[in-house]
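Enquirer: So the chains spell out like this:
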Amino acid sequence: MDFTLSKEHDMVRTLFKDFAEKEVKPLAQEIDEQHRFPRETVDKMAKYGFMGIPVPKEYGGQGCDTLAYAMCVEELSKVCGTTGVIVSAHTSLCVDPILTFGTEEQKQKYVVPLAKGEKLGAFGLTEPGAGTDAQGQQTKAVLDGDEWVLNGSKCFITNGKEADVYVIFAVTGKVEKRGRIMKEISAFIVEKGTPGFTFGTKENKMGICGSSTYELIFTDCRIPKENLLGQQGKGFNIAMHTLDGGRIGIASQALGLAEGALETTIAYVKERKQFGKAIGQFQNTQFQLADMATKVEAAKMLVYKAARKKDEYKANPKVSYSVEAAMAKLCAAEVAMEVTTKCVQLHGGYGYIKEYDVERMMRDAKITEIYEGTSEVQRMVISAALLK
Amino acid sequence: MKVVVCIKQVPDTKGGVQFNPDGTLNRAAMLAIMNPDDKAGLEAALRLKDQYGAEVTVLTMGLPKATDVLREAIAMGADKAVLVTDRVLGGADTWATSTTIAGALRNLEYDLIITGRQAIDGDTAQVGPQIAEHLGLPVISYAQDIKVEGNKVIVQRQYDDRYHILECQMPCLITALAELNDPRYMTPGGIFDSFQAEITTWGRADLKDVEDGNLGLNGSPTKIAKASDKVRKGAGEKVTPDSPDEAVSYIIGKLDEKHVI
Numbered sequence: 001m002d003f004t005l006s007k008e009h010d011m012v013r014t015l016f017k018d019f020a021e022k023e024v025k026p027l028a029q030e031i032d033e034q035h036r037f038p039r040e041t042v043d044k045m046a047k048y049g050f051m052g053i054p055v056p057k058e059y060g061g062q063g064c065d066t067l068a069y070a071m072c073v074e075e076l077s078k079v080c081g082t083t084g085v086i087v088s089a090h091t092s093l094c095v096d097p098i099l100t101f102g103t104e105e106q107k108q109k110y111v112v113p114l115a116k117g118e119k120l121g122a123f124g125l126t127e128p129g130a131g132t133d134a135q136g137q138q139t140k141a142v143l144d145g146d147e148w149v150l151n152g153s154k155c156f157i158t159n160g161k162e163a164d165v166y167v168i169f170a171v172t173g174k175v176e177k178r179g180r181i182m183k184e185i186s187a188f189i190v191e192k193g194t195p196g197f198t199f200g201t202k203e204n205k206m207g208i209c210g211s212s213t214y215e216l217i218f219t220d221c222r223i224p225k226e227n228l229l230g231q232q233g234k235g236f237n238i239a240m241h242t243l244d245g246g247r248i249g250i251a252s253q254a255l256g257l258a259e260g261a262l263e264t265t266i267a268y269v270k271e272r273k274q275f276g277k278a279i280g281q282f283q284n285t286q287f288q289l290a291d292m293a294t295k296v297e298a299a300k301m302l303v304y305k306a307a308r309k310k311d312e313y314k315a316n317p318k319v320s321y322s323v324e325a326a327m328a329k330l331c332a333a334e335v336a337m338e339v340t341t342k343c344v345q346l347h348g349g350y351g352y353i354k355e356y357d358v359e360r361m362m363r364d365a366k367i368t369e370i371y372e373g374t375s376e377v378q379r380m381v382i383s384a385a386l387l388k
Numbered sequence: 001m002k003v004v005v006c007i008k009q010v011p012d013t014k015g016g017v018q019f020n021p022d023g024t025l026n027r028a029a030m031l032a033i034m035n036p037d038d039k040a041g042l043e044a045a046l047r048l049k050d051q052y053g054a055e056v057t058v059l060t061m062g063l064p065k066a067t068d069v070l071r072e073a074i075a076m077g078a079d080k081a082v083l084v085t086d087r088v089l090g091g092a093d094t095w096a097t098s099t100t101i102a103g104a105l106r107n108l109e110y111d112l113i114i115t116g117r118q119a120i121d122g123d124t125a126q127v128g129p130q131i132a133e134h135l136g137l138p139v140i141s142y143a144q145d146i147k148v149e150g151n152k153v154i155v156q157r158q159y160d161d162r163y164h165i166l167e168c169q170m171p172c173l174i175t176a177l178a179e180l181n182d183p184r185y186m187t188p189g190g191i192f193d194s195f196q197a198e199i200t201t202w203g204r205a206d207l208k209d210v211e212d213g214n215l216g217l218n219g220s221p222t223k224i225a226k227a228s229d230k231v232r233k234g235a236g237e238k239v240t241p242d243s244p245d246e247a248v249s250y251i252i253g254k255l256d257e258k259h260v261i
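Protein chains in written order, with this note's numbering: chain A, 1 to 388; chain B, 1 to 261.
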């Protein structure tokens, strides 16, 4: 068992860290306050290949592994949770399912520009009545000649209005499974600008405020028959597979937020003086830092292990990384929430002020316990594997 | 068009300079980076690659660890990399270094050679022009802008209060300033590729038309008597003479006391 990172990974971390410090950190507070999507950062990330890190070169990507991708989201999120999730949702939730389940034509048409960052991707599964219960889908797709006709809406969609390509799930019929009538769900690729595809409310969120979170509305939206992704009726499997990968991205985001808050706080407690000495000299502070650093390191091991397991899956599709991804997300998200909250506390009153990064980091951390499967869903995934 | 960029791995002085007890630089305690002027030179070459399809080769002399900066250059977009490393080349001053690099360059085809103005660990600004001298090439130093037209380069040479515009036929050598441009980042794929890329390694035997007497410590005319950290200057002595004559005699007295005159 080798815990040493390869030289390649050391070097990509240096790159991501450098980029995050110079290009992302200066905008983090501004985009949070203004609820502004950082398009200029996305354009720069596209230029340097950050939007297609784990995608093979023949499809316009960088040909790197999942660990390099996880490290990218981690380093971006250390300074800005919004920028981390833009890359994560694009890569894990849109590029990955098309790359995994798409036809060669779909890969050429969609993955290539997505991986090059010429286009941005999003994923629409959640509906007002279908969150954790993904089977509760109401959006319908009906085949009419050579076109599928979509009707319904999706909510809380990351990269919502900024994306160009959307992977959308819809009910295409009913099937009987083990004596029960179930909805048949299928996946589709929908392009922005398709007649009948519009945007609803922009969500006014607690955190990741620079991320574009919108409702998507489909009203007799007609898409070509060939935009069915994977086989008809396999949508639920595609969604679950996609979310397994997405959880590694969100776990990396959570890890980055925890690390960023901890680094900021370590610097702060060395400077902040009370009772004539730096607060870092008080044992209460020291023990809290020790506990936080230990939990962050544990989370990091789980996140990197899940990323490694996904790479094993790529070489051998019989390998499952579902449990590892769920454990990584569960642990990293809860560590992120705990660490950022404690970091705010160590900052005292200043931690409650928006000028201090930990205030934003704490708000950003909360969503990691909710989206792409709540912590409760992760526990369901893990326990189901234990009791199988 | 073929461009060779000479780069150097230097200690990062951003976090402060660390010394060994004997006064030499403690390189092991400091992060190693690509010299900033050299990186600007590499970026200029990569822009020529983007514009004209130039082939960019990076060349460095140093310990085997210097492959790190060559890999960084490849990850930024350089096509080929050459490391010149040999125990007999160690301890080289600017003369021995430029002799070595010129010896390596004689094996390469080039239209343009770009070096950084100077390295942040030595600050001599001598190696680039010396290489040009060894190779009999024209040199334009302190470049803040580089353009190529046909077989000539048009360069803005920075001065303290102005700049000169110079045209020069290629082949020639240009020394670049860090202000020349903002070097691009590496790409993740470029980094992974750089570890698969072949790095050509040359030793003493591969250097062309150089004499042993001009190489390494033995071939270095520079002798370092003492190395030390920057000594903080004291507050000095403030005097307020009553007349110009008194001031002059005070200054003359001080210069005399220090054997300056």
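None of these hints come from the bench; they were simulated from the model.
Mixed in with the good hints there might be a few duds.
[What the hints assert, rightly or not] Derived pair list, reagent style EDC-like, types lysine to aspartate or glutamate, alpha-carbon separation capped at 16 Å:
(1) K192/A / D146/A
(2) K192/A / D220/A
(3) K234/A / E184/A
(4) K208/B / E55/B
(5) K234/A / E176/A
(6) K109/A / E58/A
(7) K57/A / D193/B
(8) K47/A / E109/B
(9) K22/A / D206/B
(10) K65/B / D10/A
(11) K2/B / E55/B
(12) K47/A / E149/B
(13) K44/A / E179/B
(14) K7/A / D193/B
(15) K49/B / E149/B
(16) K47/A / D10/A
(17) K14/B / D18/A
(18) K80/B / D121/B
(19) K7/A / D160/B
(20) K22/A / E40/A
(21) K226/B / E55/B
[Claimed, not checked] Simulated restraints on C-beta separations:
(22) K57/A / K49/B: 15 to 23 Å
(23) Y52/B / K161/A: 38 to 46 Å
(24) R178/A / Q196/B: 48 to 56 Å
(25) M206/A / Q196/B: 41 to 49 Å
(26) G349/A / A235/B: 47 to 55 Å
(27) G349/A / G53/B: 28 to 36 Å
(28) I154/B / K202/A: 28 to 36 Å
(29) K57/A / A32/B: 25 to 33 Å
(30) P224/A / K152/B: 36 to 44 Å
(31) E149/B / K57/A: 49 to 57 Å
All values reported here derive from a predicted model rather than from experimental measurement.
Here a beta-carbon is modelled for each residue, glycine too, at the ideal position from N, C-alpha and C.
Enquirer: The structure should be examined with respect to each hint, and the outcome stated for every one.
Expert: Do the hints match the structure? See the list:
{"no.": "1", "hint": "K192/A / D146/A", "verdict": "violated (19 Å)"}
{"no.": "2", "hint": "K192/A / D220/A", "verdict": "holds (15 Å)"}
{"no.": "3", "hint": "K234/A / E184/A", "verdict": "holds (8 Å)"}
{"no.": "4", "hint": "K208/B / E55/B", "verdict": "violated (22 Å)"}
{"no.": "5", "hint": "K234/A / E176/A", "verdict": "holds (14 Å)"}
{"no.": "6", "hint": "K109/A / E58/A", "verdict": "holds (13 Å)"}
{"no.": "7", "hint": "K57/A / D193/B", "verdict": "holds (11 Å)"}
{"no.": "8", "hint": "K47/A / E109/B", "verdict": "violated (31 Å)"}
{"no.": "9", "hint": "K22/A / D206/B", "verdict": "violated (41 Å)"}
{"no.": "10", "hint": "K65/B / D10/A", "verdict": "holds (15 Å)"}
{"no.": "11", "hint": "K2/B / E55/B", "verdict": "holds (5 Å)"}
{"no.": "12", "hint": "K47/A / E149/B", "verdict": "violated (27 Å)"}
{"no.": "13", "hint": "K44/A / E179/B", "verdict": "violated (21 Å)"}
{"no.": "14", "hint": "K7/A / D193/B", "verdict": "holds (12 Å)"}
{"no.": "15", "hint": "K49/B / E149/B", "verdict": "holds (14 Å)"}
{"no.": "16", "hint": "K47/A / D10/A", "verdict": "violated (21 Å)"}
{"no.": "17", "hint": "K14/B / D18/A", "verdict": "holds (14 Å)"}
{"no.": "18", "hint": "K80/B / D121/B", "verdict": "violated (25 Å)"}
{"no.": "19", "hint": "K7/A / D160/B", "verdict": "violated (42 Å)"}
{"no.": "20", "hint": "K22/A / E40/A", "verdict": "holds (13 Å)"}
{"no.": "21", "hint": "K226/B / E55/B", "verdict": "violated (42 Å)"}
{"no.": "22", "hint": "K57/A / K49/B: 15 to 23 Å", "verdict": "holds (19 Å)"}
{"no.": "23", "hint": "Y52/B / K161/A: 38 to 46 Å", "verdict": "holds (40 Å)"}
{"no.": "24", "hint": "R178/A / Q196/B: 48 to 56 Å", "verdict": "holds (50 Å)"}
{"no.": "25", "hint": "M206/A / Q196/B: 41 to 49 Å", "verdict": "holds (45 Å)"}
{"no.": "26", "hint": "G349/A / A235/B: 47 to 55 Å", "verdict": "violated (41 Å)"}
{"no.": "27", "hint": "G349/A / G53/B: 28 to 36 Å", "verdict": "violated (59 Å)"}
{"no.": "28", "hint": "I154/B / K202/A: 28 to 36 Å", "verdict": "violated (51 Å)"}
{"no.": "29", "hint": "K57/A / A32/B: 25 to 33 Å", "verdict": "holds (29 Å)"}
{"no.": "30", "hint": "P224/A / K152/B: 36 to 44 Å", "verdict": "violated (54 Å)"}
{"no.": "31", "hint": "E149/B / K57/A: 49 to 57 Å", "verdict": "violated (35 Å)"}
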